[in-house]
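Here the structure of chain A is known, so what remains is to put chain B in place on it, guided by the hints.
Here is what each chain is made of, one letter per residue.
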Amino acid sequence: MSILELFKTVYASLTRHIIRALLATLGIVLGIAAVVAMLAISEGGKRGIIDQIKAQGINNIILKSVKPETSSDPKMDKRRISSYGITQKDYHHISTTFSHIEQIVPIQAFDTGVYSGQNRTDIFVLSTERTLFEIINCTLADSRSKPFPGENNGIFLPSCYLGVEAARKLFGHRDPLNQDVGIGRYSFRVIGLLEGDGQGRIGGSHNINNVIYIPLSMANTIWGRSRSVAYDYLYIRVKEVEHVSELVARLKSYLSVTHVNVDYELQVPYELMRAAEKTQRIFTLVMTSIAAISLLVGGIGIMNIMLANIFERTREIGIRRALGATRRDILLQFLAESIVLTFFGGALGIGVGILTAYGAEALAKWNGDLTIHAIITPESLFVSLAVSVITGLTFGTYPAWKAARLDPLIALRHE
Amino acid sequence: MIELLKLSKQYHAGGVTIDALRPTSLVIPQGAFLTVMGPSGSGKSTLLNLFGLLVHPTTGAYKLNGKEVSSLSDDETSHVRNQTIGMVFQSFNLLSHLTCLENVCLPMQYARDRHATMKARGRALLDQLGLQGRYDSKPTQLSGGQCQRVAIARALANEPPVILADEPTGNLDEQTGLEVMQIFSDLHRAGKTIILVTHNPSYETYATHRITIHDGNVTFKNEKSPSHPA
Chain A
294 MSILELFKTV YASLTRHIIR ALLATLGIVL GIAAVVAMLA ISEGGKRGII DQIKAQGINN
354 IILKSVKPET SSDPKMDKRR ISSYGITQKD YHHISTTFSH IEQIVPIQAF DTGVYSGQNR
414 TDIFVLSTER TLFEIINCTL ADSRSKPFPG ENNGIFLPSC YLGVEAARKL FGHRDPLNQD
474 VGIGRYSFRV IGLLEGDGQG RIGGSHNINN VIYIPLSMAN TIWGRSRSVA YDYLYIRVKE
534 VEHVSELVAR LKSYLSVTHV NVDYELQVPY ELMRAAEKTQ RIFTLVMTSI AAISLLVGGI
594 GIMNIMLANI FERTREIGIR RALGATRRDI LLQFLAESIV LTFFGGALGI GVGILTAYGA
654 EALAKWNGDL TIHAIITPES LFVSLAVSVI TGLTFGTYPA WKAARLDPLI ALRHE
Chain B
28 MIELLKLSKQ YHAGGVTIDA LRPTSLVIPQ GAFLTVMGPS GSGKSTLLNL FGLLVHPTTG
88 AYKLNGKEVS SLSDDETSHV RNQTIGMVFQ SFNLLSHLTC LENVCLPMQY ARDRHATMKA
148 RGRALLDQLG LQGRYDSKPT QLSGGQCQRV AIARALANEP PVILADEPTG NLDEQTGLEV
208 MQIFSDLHRA GKTIILVTHN PSYETYATHR ITIHDGNVTF KNEKSPSHPA
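Protein chains in written order, with this note's numbering: chain A, 294 to 708; chain B, 28 to 257.
Chain A on its own, in the form it takes in the complex (with noise of 0.2 Å):
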């Protein structure tokens, strides 16, 4: 029988009993459903936040100063409270005796209130030195911008720079350059705009282009007696990403002696990427295995419908053999049956899966969530429905068996 006839044949079988047909396939269609829905929500989950860690530099290390927990004894409390986290000497001993390091920046956040009018906003107020911009790669977004003031030397006009997302907060579409920004009790020129990855968070909470940064030298003249930390992040480029986990290692040894109170956290984007690879890989596991147990359950219901079909239709098998179709031909027809049936269910399955993603999605938006995103890739496609086309090969090959090994005066007798 040829490919066409063996078609035509199958395609009367099926649309003999169509709901029969969407019944049997049912299992495949969750199943594939599962399958398409998983690889895009993974896919998107994973890009999400690679990306993320990505943006805060792989090369990266931040050492991270944290209030350490609150011990029994109420005198020790109040000196630990009194400064804590890294220090200027830390400073110092990293970048003098630590190697493979390109660039060291202390950085100090101030929970000053920034204020639009009378609101206050959500913006950050940080203070470091130039070398930050190119670690966490950020560009100036105006050509007009100043250069980022160093050391001062006497009198200093108190100025800034604003990331994009802050100068719109503050001034919306007004020109931010040469206004002047209130924070705290003080007035900041803004001299400069700087935008970046909108992923990048400085420590991993505030957003590098809603913050505002002033210079190291003016914050420590005007607020340095007040502070009970130094620095609140330092910043390390590593010179090539192989050297991150040694220098990691060099700094958790360091730290360690000198940090007994655990006053510090050490950020690792590139650590952090691993792990979350790991985990993405863990999870696309568990979910591979989901889909193969329902995937299993479609295909036991494709061996189900096929072995009833087979047994309903066993006269059919005897007039067949009768005619002249050798048991191959008896087999290839009830495979091929199994494998349109599987591979219709399997492309049901990819509609209904798509669905379901770009639906989780919507809801998750809906609910306020921002981090689930489908992506659909071809290969997921071309995946899914292989692997429907392959249970429907598997799950039909025993009742096709069953069929073509009928005796053909048994079967032609069969009622």
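Calculated directly from the structure, the hints in this document are not laboratory data. No experiment lies behind these values; they were computed from the predicted model shown. Glycine included, C-beta positions come from ideal geometry on N, C-alpha and C. It is possible that some hints are incorrect.
Computed spacing ranges between beta-carbons, pair by pair [unchecked claim]: (1) A:Glu708 with B:Gly157: 27 to 33 Å; (2) B:Gly68 with A:Ala585: 50 to 56 Å; (3) B:Ser170 with A:Thr687: 42 to 48 Å; (4) A:Ala679 with B:Thr44: 51 to 57 Å; (5) B:Asp46 with A:His310: 41 to 47 Å.
Heads up, incomplete: computed chain A residues facing chain B, CB under 10 Å, no partners named [what the hints assert, rightly or not]: (6) Ala542; (7) Leu544; (8) Arg621; (9) Asp700; (10) Leu702.
Within a straight-line C-alpha distance of at most 20 Å, the following computed PhoX-like cross-link-like pairs (lysine-lysine) qualify [claimed, not checked]: (11) A:Lys545 with A:Lys382; (12) B:Lys146 with A:Lys301; (13) B:Lys33 with B:Lys248; (14) B:Lys165 with B:Lys146; (15) A:Lys301 with B:Lys165; (16) A:Lys360 with A:Lys339.
Here is chain B on its own, set in the frame of chain A:
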């Protein structure tokens, strides 16, 4: 030419051996019209199924056009059924979900004929049997007589030299039965070997050779009986 050499068939059921066909030797020349008569359960169907290669004989040899066919492989047997034998059944055995034309084309599909050739021949056969315009009807839309004519067209699809018919008029009224018998008579005149199992003694008038079976024993009915090798 069909030759049976001490062909027998035994069935085993529940520890009892049943001789469905006792050793029978028989030669049916090409172009013969053989009727097989006998009461129910006498072994008529067994004999026909042996002719049709649907069962394997217990002993003996079956030669079809000089070729031993009882010990062929399953694939070879399928091929012989497809090319050499056309079968007509009492209950028509048409596939109800296919059209008349598709039913007629089935044996040609298994002979791997070209699609166009197949359709043309299928239509010609249906025309020949007086079923013009019923190509796309389903068997359920046809009368019993029409169904049997579709089944005969199907049996003729690959131009087999031998037609086996198992009580082909059993489900038809007398008049329609006679029409169907006329078709077999015409086929016989066209050179086909016809083997017809029937309950109706009047059909013996169409035959060139007649046998009856009782409890698996074949007897030749008259002087026109098939030649009997020693």
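The hints, checked one at a time:
no.: 1; hint: A:Glu708 with B:Gly157: 27 to 33 Å; verdict: 31 Å, holds
no.: 2; hint: B:Gly68 with A:Ala585: 50 to 56 Å; verdict: 55 Å, holds
no.: 3; hint: B:Ser170 with A:Thr687: 42 to 48 Å; verdict: 45 Å, holds
no.: 4; hint: A:Ala679 with B:Thr44: 51 to 57 Å; verdict: 54 Å, holds
no.: 5; hint: B:Asp46 with A:His310: 41 to 47 Å; verdict: 44 Å, holds
no.: 6; hint: Ala542; verdict: 71 Å, violated
no.: 7; hint: Leu544; verdict: 76 Å, violated
no.: 8; hint: Arg621; verdict: 8 Å, holds
no.: 9; hint: Asp700; verdict: 9 Å, holds
no.: 10; hint: Leu702; verdict: 4 Å, holds
no.: 11; hint: A:Lys545 with A:Lys382; verdict: 16 Å, holds
no.: 12; hint: B:Lys146 with A:Lys301; verdict: 14 Å, holds
no.: 13; hint: B:Lys33 with B:Lys248; verdict: 19 Å, holds
no.: 14; hint: B:Lys165 with B:Lys146; verdict: 16 Å, holds
no.: 15; hint: A:Lys301 with B:Lys165; verdict: 16 Å, holds
no.: 16; hint: A:Lys360 with A:Lys339; verdict: 32 Å, violated
Checked against the numbered hints listed earlier, the structure breaks hints 6, 7 and 16; every other hint is satisfied.
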